[in-house]
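Chemist: So the chains spell out like this:
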Amino acid sequence: MTTTLDQLKPGQSARIDSFTAAAGPRLLELGLLPGTLVEVVRLAPLGDPMDLRVRGFHLSLRKQEAAQIVVTPS
Amino acid sequence: MTAPGSEKRRSVTKIALAGNPNVGKTVLFNALTGANQKVANYPGVTVERKSGRLRDTGRNGIPPVEVVDLPGCYSLNPRSIDERIAHDVLVGNQAGETPPDAVICVVDATNLERNLYLVTQVLDLGIPSVLALNMMDAADAAGLQIDVDALAEALGIPVIPMAARAGEGIREVRQAVLEQATVSPPVGWPVREDVETEVAALAESLRSEWAQIDPRRVRFEVFASLTSDVLLDGWAERAPNFRAEVLAARERMEAENVPFQMAETMGRYGWVSPLVERIVRRDRSGTADSLSDRVDSVLIHRIYGPLIFAGVLLLIFQAVFTWAVPAMDLIEWSVNGAGEAIRSLMPDGLFEDILVEGALTGVGNVIVFLPQILILFFFLGLMEDTGYMARTAFIMDRAMRRFGLSGASVVPLLSAYACAIPGIMAARTLPDERDRIITIMVVPLQGCSARLPVYVLFIGAFIPAGTLMGVVGYQSLAMTSLYFLGTGMAFVAAWVLGKFVFKGEGSSFVMELPPYRMPQWKLVIRRMIDRSRVFVVRAGKIIFGLSILLWLLAAYPKTPLTPDLEARQTAAAAAVEQASETGDASALEEAMAEASLAENQVASFRTRNSFIGRFGRALEPVMQPLGFDWKISAGIVASFAAREVIVSALATIYSAGADADEESLALRDAIKADRYPDGTPVFTPLVAVSLMIFFVFALQCMSTLAIARRELNSWFWPTVMWVYMFGLAYLFSLVVYQGGLALGWG
Chain A
1 MTTTLDQLKP GQSARIDSFT AAAGPRLLEL GLLPGTLVEV VRLAPLGDPM
51 DLRVRGFHLS LRKQEAAQIV VTPS
Chain B
75 MTAPGSEKRR SVTKIALAGN PNVGKTVLFN ALTGANQKVA NYPGVTVERK
125 SGRLRDTGRN GIPPVEVVDL PGCYSLNPRS IDERIAHDVL VGNQAGETPP
175 DAVICVVDAT NLERNLYLVT QVLDLGIPSV LALNMMDAAD AAGLQIDVDA
225 LAEALGIPVI PMAARAGEGI REVRQAVLEQ ATVSPPVGWP VREDVETEVA
275 ALAESLRSEW AQIDPRRVRF EVFASLTSDV LLDGWAERAP NFRAEVLAAR
325 ERMEAENVPF QMAETMGRYG WVSPLVERIV RRDRSGTADS LSDRVDSVLI
375 HRIYGPLIFA GVLLLIFQAV FTWAVPAMDL IEWSVNGAGE AIRSLMPDGL
425 FEDILVEGAL TGVGNVIVFL PQILILFFFL GLMEDTGYMA RTAFIMDRAM
475 RRFGLSGASV VPLLSAYACA IPGIMAARTL PDERDRIITI MVVPLQGCSA
525 RLPVYVLFIG AFIPAGTLMG VVGYQSLAMT SLYFLGTGMA FVAAWVLGKF
575 VFKGEGSSFV MELPPYRMPQ WKLVIRRMID RSRVFVVRAG KIIFGLSILL
625 WLLAAYPKTP LTPDLEARQT AAAAAVEQAS ETGDASALEE AMAEASLAEN
675 QVASFRTRNS FIGRFGRALE PVMQPLGFDW KISAGIVASF AAREVIVSAL
725 ATIYSAGADA DEESLALRDA IKADRYPDGT PVFTPLVAVS LMIFFVFALQ
775 CMSTLAIARR ELNSWFWPTV MWVYMFGLAY LFSLVVYQGG LALGWG
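Chains A and B, in that order, are what the protein sequence lines are. Here this note's numbering is used: the first residue of the first sequence is 1, the next is one more, and so on. Here this note's numbering is used: the first residue of the second sequence is 75, the next is one more, and so on.
You can trust all of the hints, since none of them are fake.
Pairs of lysine-lysine, BS3-like flavour, derived with a Cα cap of 30 Å: (1) A:9 - A:63; (2) B:112 - B:596; (3) B:746 - B:632; (4) B:615 - B:596; (5) A:63 - B:577; (6) B:573 - A:63.
No wet-lab data here; the hints were simulated from the structure. Since the structure is predicted, the reported quantities are computational estimates derived from the model, not experimental observations.
Sequences and hints are given; from them, build the entire structure.
Modeler: Spelled out as structure tokens, the structure:
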């Protein structure tokens, strides 16, 4: 069952499957690759952007960008 | 820890520091160079070039060694300016820059995987390198055990554990980079087969067409050309066939849906991830950066987060607007004192006038803002150094995006309440170029402290001191409205720019939230001084020149006085002399008062006939619809370089004495009493409001233009900035004044 990263709730984690649109090369270089485990740590006070934990560091991503990342929740 | 593969090396004369942002590169740089630092910009861009001389070199017969701190970046594939500079310096493509003989790759031991990605790219360039494994203390605290020897063996370069903030391992890194920097054997990261076939063919093509290329770099260049158009076009002249073949290969792979753009990244991580898994052991589970996490659960909490941010801002504003005042007063006092000292020491004359009225006043206009700017830069540096800055952007992003701005625009916009210059410079932290330009373009609309004297003068003179329903004073209400007007327009302008000028260009907000760190006071203070110096030098140079020019325009041509004025002046001087001879105190006082009045009349006459006065009179027809007569127009011209100049300009024109300030009653009364020849007052409350609104919008500040040009590296945007702000000023003043007249408020 796949969904997109922006649909996850804080505390949930998921594995990246693929990128729907041309995901920025920046995301790849930061280590968000197919197969990478991503955890949603929290949302910003107004519900967007998201605070993600990837490969041991925190990354902030807007939901709009997270919506381009297809994931399998774990 | 010495790795295999050492070869004969030239002696090291230039070292580059490479690494991700927030890994402690700057701390290491400071420790290596001490006070011998230079901060400049790379030519043509706004990226800081920080270099210094390695401690204890360049004297006692030891040849100097230069250390260059490269901009922090996540990759060497040049997409951002920072990455392009880092890449170009390393490979020797940067104009005026010799390539480094050795590289120190600085990595964060708590975050090895992402950090080593960049390291593999640097190693592929074939430059002698060492790895500084920084933040070992934080790694220990997080329960991470790193097999340093295994890492050195895998990378093929010396690896030095370090805790730069605690000063540990610095000496060892220094020694290693001077004596053991090693060219690593090629890192054999895997590439998917379909891409590898193309890459191998392209590598062969590049080698044959550009034989002098370092064989180590061929594959790096091939991958870079596959993903970056900028780098590909770099080959257009040297290897046109190669370029054509890359384009063809791209097309082939695109047609077959081969994800070649990802191939390099996947390959490098495919090599790095298993390595990290092998050499890093976690003692305790899940304790990595947990302290930082706990801090975040408060600082970016749904409710406390915004409240704390508001509190922090309040503290900063308190500091900027209250704590800076004594220092500002002291500067003003010193500048005036210096002027008097020069006057008393030098013979009267043109040169003295230029020095005191032009140069000294001009410099004073700039440095009077220095205390505010220092305080602001101190807090900004503190927020950056601790990692809080990224959180403010995180908290505010959603709200700011509505207006086409980014969360990272908040700090620049707020800084601009003190002064647009730190605001524009703070915009450097914006990760997205589109957001950065929009932010810089609207920052000068924020009500800066140079507008304050103008508001104080006219509100004091024309807005009644009473209160609205006994609660809010009319005057403070007027003041607040002016600030709201500026800020409101900043948001509207940002929205318009995003909607119509940068339409379709999506902004992105991919930003690391670095772990919190204790502030490094030395570093914060050094950065504060460096940035403030940029302000003083840049703004100072322009203001200095322009102030002299404006002074000359206000002082020349020297028109002969009318016989009436001349007679009055002579009579007054004679009266003073006579009174002082007779020793009659009250007569002397009277005579002195008359003499000063006569002097002011003379000054007023001179200004009217000076270039600025003539210019003001020429402008009058254009400015009349806004309610401005020639005197106000001349004041606006005079304050072109700096808004607050209008106060002293009006004081001169109104003969209130050049040393009158915005609180001076003489100036207020003179303004109120001024009449057109037909007896109607020049200044009505409506004119005052129109003029204040003009100052809310108009970009009357040379320093802002100078810094904007520097930060945007073109005159195009600063020109647009000046024009649109002047347009707003004219339009709003026109509507307010004409509307007010129509409503009978004139």
